[in-house]
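**Student:** Listed below are the residues making up each chain.
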Amino acid sequence: MSYGTGTRNRRPNYAQLHARPLPLITTPLPAFIPHNPLSLIRILHALLLPYIAPPPSHPAPRYQAYFSPATRSVHVTDPAAVRALWESGFFGKGSLSRSEPTWLEGEKRRRGLGAEVTSEEVTAKRRRERVEFKRERARLEREAVEEQLRKEKIAANGGAVDELVEKVAALEVTEVNGSAQAGESPETVEDPVEVVVEASDLKAEAAADPETAPAPSVQDVDIHLVNQEHLQLSLEEAFFLTYALGVLDVQLPSSSSPTLPTNASYLHLFRTHSRFPPSATLTPTDPFLLRYAVYHHFRALGWVVRDGVKFASDFLLYERGPVFKHAAFAVMVLPSFTHEYWFEDPLGVKERRRVEGERGGRDWVWLHCVNRVQTAVVKTLVIAYVDVPPPGEEVDDVGDVLGRYKVREFCLSRWSPNRNRG
Amino acid sequence: MADITVAEPFPIFAVANKYILYDINTVTYIRRVHHICGVLIGNIPQAAQQNVFSGIPLELIPEEARLLVERGSAYIVDDVASHRRGLTDLSAAERIAFVSVLEKQGLEAALAQKRKADKKREKHFEKAGGKARKRGPDREDTELESASASYAVSRAASVVPNDSDVQPLCITPTTSYPPLSAPKPTTALLPPASPSYDLFAHLHSKDYFLSPGLRFGCQYLAYPGDPLRFHSHFLANGVAWDQEISLLNIVAGGRLGTGVKKGYLVGGKDDSRDEVRVFCFEWAAM
Numbered sequence: 001m002s003y004g005t006g007t008r009n010r011r012p013n014y015a016q017l018h019a020r021p022l023p024l025i026t027t028p029l030p031a032f033i034p035h036n037p038l039s040l041i042r043i044l045h046a047l048l049l050p051y052i053a054p055p056p057s058h059p060a061p062r063y064q065a066y067f068s069p070a071t072r073s074v075h076v077t078d079p080a081a082v083r084a085l086w087e088s089g090f091f092g093k094g095s096l097s098r099s100e101p102t103w104l105e106g107e108k109r110r111r112g113l114g115a116e117v118t119s120e121e122v123t124a125k126r127r128r129e130r131v132e133f134k135r136e137r138a139r140l141e142r143e144a145v146e147e148q149l150r151k152e153k154i155a156a157n158g159g160a161v162d163e164l165v166e167k168v169a170a171l172e173v174t175e176v177n178g179s180a181q182a183g184e185s186p187e188t189v190e191d192p193v194e195v196v197v198e199a200s201d202l203k204a205e206a207a208a209d210p211e212t213a214p215a216p217s218v219q220d221v222d223i224h225l226v227n228q229e230h231l232q233l234s235l236e237e238a239f240f241l242t243y244a245l246g247v248l249d250v251q252l253p254s255s256s257s258p259t260l261p262t263n264a265s266y267l268h269l270f271r272t273h274s275r276f277p278p279s280a281t282l283t284p285t286d287p288f289l290l291r292y293a294v295y296h297h298f299r300a301l302g303w304v305v306r307d308g309v310k311f312a313s314d315f316l317l318y319e320r321g322p323v324f325k326h327a328a329f330a331v332m333v334l335p336s337f338t339h340e341y342w343f344e345d346p347l348g349v350k351e352r353r354r355v356e357g358e359r360g361g362r363d364w365v366w367l368h369c370v371n372r373v374q375t376a377v378v379k380t381l382v383i384a385y386v387d388v389p390p391p392g393e394e395v396d397d398v399g400d401v402l403g404r405y406k407v408r409e410f411c412l413s414r415w416s417p418n419r420n421r422g
Numbered sequence: 001m002a003d004i005t006v007a008e009p010f011p012i013f014a015v016a017n018k019y020i021l022y023d024i025n026t027v028t029y030i031r032r033v034h035h036i037c038g039v040l041i042g043n044i045p046q047a048a049q050q051n052v053f054s055g056i057p058l059e060l061i062p063e064e065a066r067l068l069v070e071r072g073s074a075y076i077v078d079d080v081a082s083h084r085r086g087l088t089d090l091s092a093a094e095r096i097a098f099v100s101v102l103e104k105q106g107l108e109a110a111l112a113q114k115r116k117a118d119k120k121r122e123k124h125f126e127k128a129g130g131k132a133r134k135r136g137p138d139r140e141d142t143e144l145e146s147a148s149a150s151y152a153v154s155r156a157a158s159v160v161p162n163d164s165d166v167q168p169l170c171i172t173p174t175t176s177y178p179p180l181s182a183p184k185p186t187t188a189l190l191p192p193a194s195p196s197y198d199l200f201a202h203l204h205s206k207d208y209f210l211s212p213g214l215r216f217g218c219q220y221l222a223y224p225g226d227p228l229r230f231h232s233h234f235l236a237n238g239v240a241w242d243q244e245i246s247l248l249n250i251v252a253g254g255r256l257g258t259g260v261k262k263g264y265l266v267g268g269k270d271d272s273r274d275e276v277r278v279f280c281f282e283w284a285a286m
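So the protein lines, in turn, are chains C and W. The UniProt record's numbering puts the first sequence at residues 1 to 422. The UniProt record's numbering puts the second sequence at residues 1 to 286.
Simulated from the structure, these hints should not be mistaken for lab results. Possibly wrong hints are sitting among the right ones.
Below, a list of computed lysine-lysine pairs in the DSBU-like style, where the Cα atoms sit at most 35 Å apart [stated by the list, open to error]: (1) C/125 <-> C/93; (2) C/406 <-> C/350; (3) C/151 <-> W/261; (4) W/123 <-> W/261; (5) W/206 <-> C/310; (6) C/325 <-> W/261; (7) C/350 <-> C/108; (8) C/325 <-> C/125; (9) C/134 <-> W/206; (10) C/153 <-> W/261; (11) W/206 <-> W/261; (12) C/153 <-> C/134; (13) C/134 <-> W/131; (14) W/261 <-> C/310; (15) C/310 <-> C/350; (16) C/93 <-> W/261; (17) W/116 <-> W/131; (18) W/116 <-> C/350; (19) W/18 <-> C/125; (20) C/125 <-> C/406.
Now the stretches of chain W that chain C is said to cover, found in silico as 3 or more residues with beta-carbon under 8 Å [to be verified]: (21) 204-216; (22) 244-252; (23) 270-277.
Note that the coordinates shown come from a computational prediction; the quantities given were computed from them, not determined experimentally. Think of the CB as a built atom: it goes at the ideal place given N, C-alpha and C, for glycine as much as any other residue.
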């Protein structure tokens, strides 16, 4: 394996690339400078401009996406929209990548077209090195043990060993003499074989390792690679972009009217598909509503919220974005039934029991398990309790529906007496 | 330890839905013969942090108790009820015998106490006498010495316990059996079978030692041998055959298990085929 070829791969300027925290355009007021009266004019201009020619706050054509019922996600295929949604706000994930849609770059690199190193490759390299390191360490440990055993054996045998060594030496001498008598020295027999073996090993290694393999010439490669990757938005992300920001149009895969008329109909669609199999009977405990309430809550507080299934949680909270820092918090969404309806109405009690039994119940064993997992990856577990309102009449105003939900945050960390002894 | 045997079936005492063993012989016996360890819960109140050194009683989880009962090695005794019944059902002769046993114990304790006090006093006078002797051959002192020595001798003579005037202490019995007669073996009481009992019994039948696994976020920790000799191999969780398993739980279990070099194991009983099947997860990307 080759380390450090000299030209260091410069990381892109993430601060510039991800300057906008959301895919919206803001025009801040110019600064007022007291000793420069002309700055007042600039401020006036900025204040009056929206009345004359309002500057755009949203992308001119809204980003287009289509809903995929099979994967319960929303797909964005337009490369410009994909970049915009990823760079400002870290929405979605590449369908063929770990998070940032980098499949095309990786594919180009694989074919020797010299694109930038993707984060997946960095991870793969680190893992290879770690495996190598562990193997080496195990080898050294094994050798140390063998050495120790040998020493102990010698110590146990005492003086008898010296005789043994002498005998072995004498035996070797006679053997060498024997082969020499046959006409050939052992060195001349073994050497060519070894050289051949080494050469073939080198070839095999070169073929196996893509980094050292000779890159195919550009003529061999079809340069017109088709990008087979799309950006996958979760239902919460899609609804946030549609309803809260208004920058996304979600199209239905096969219907006479490609887009839905109102936000309420989007909400209905996503609530229907948040269960499996999709059911049209909606309840206040729909997983989509619970998750969206938490998603919106943390997005509104300025966090970058991403799905946390890889860390066994519902959401991960990043401070500015995944490229800047590791996630500090992992959020678990738990429904909380504080309204009396859930304890007095027989239907409410039944529904509450069903929801509480979902996911195999939330018992102490589960909490310990999740908490330990988060401790192992140095994250703090946040339990987001969502107060579920009793079912009311269906209204068209999405804000009215969501306004009935309340989110309470609850931080947990594993307490071990050994580490917390004062 | 190896030759300790306990007559089977032995009683397991149920107190407030806990299954408890008080006899140290039974504790070592079931660990050796039945591969059941339980959890020692007897703490020293002043040093509650020393949970490494907990002693008897031993608490069994319901699965362990049920397994022992199903094997016919043990039976469950409702401790409170049987104690009460044992006291009320005593005949007059038994009652007198019981009281006399208590009195005898109280008398023994009082005597022991008295002897101890006497010994202490005697020691004290010996010491005082020795000091007086050291002060030199003064005549008055020698007189004093002889006086004190004679006093010590006279005290020593009176130390011989005069048992008749000792008041017996009031004893609160610490064990019920004896003096009460042990309850009869019954099969009426059986600890309730939790949904994961099938998995527990299955793993136990494969010679695994199982212990409660709350600190690892699972139901049972499965050890290949005695937990004092081996690390556990599996974090076991029992599920019903058709129960839906959340993906998040598998991710969490897989990550946790692989992180501590154990396998995350999920198992359940297929009622139609009457067999327990187990599956093991490993988190590959770590």
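**Student:** Now look at each hint and say whether the structure bears it out.
**Tutor:** Against the structure, the hints:
1. C/125 <-> C/93: Within the cut-off at roughly 22 Å; holds.
2. C/406 <-> C/350: 22 Å, holds
3. C/151 <-> W/261: 32 Å, holds
4. W/123 <-> W/261: 62 Å, violated
5. W/206 <-> C/310: The given pair, whose Cα atoms are some 33 Å apart, holds under the 35 Å limit.
6. C/325 <-> W/261: 28 Å, holds
7. C/350 <-> C/108: 55 Å, violated
8. C/325 <-> C/125: 20 Å, holds
9. C/134 <-> W/206: OK: residue 134 of chain C and residue 206 of chain W at ~33 Å, within 35 Å.
10. C/153 <-> W/261: 33 Å, holds
11. W/206 <-> W/261: 21 Å, holds
12. C/153 <-> C/134: Answer holds: residue 153 of chain C to residue 134 of chain C is near 28 Å, not above 35 Å.
13. C/134 <-> W/131: Status violated; Cα separation ~74 Å.
14. W/261 <-> C/310: Holds. Residue 261 of chain W to residue 310 of chain C sits at ~19 Å (cutoff 35 Å).
15. C/310 <-> C/350: 32 Å, holds
16. C/93 <-> W/261: 31 Å, holds
17. W/116 <-> W/131: Cα-Cα ~23 Å, so holds.
18. W/116 <-> C/350: Roughly 69 Å between the alpha carbons, so the hint for residue 116 of chain W and residue 350 of chain C is violated.
19. W/18 <-> C/125: Measuring from Cα to Cα gives roughly 53 Å; hence the hint is violated.
20. C/125 <-> C/406: Violated: residue 125 of chain C and residue 406 of chain C sit about 45 Å apart, past 35 Å.
21. 204-216: n = 4 at 8 Å, threshold three: holds.
22. 244-252: holds (count 8)
23. 270-277: Since three or more residues must qualify, the claim that chain C covers the region 270-277 of chain W is violated, with 0 doing so at under 8 Å.
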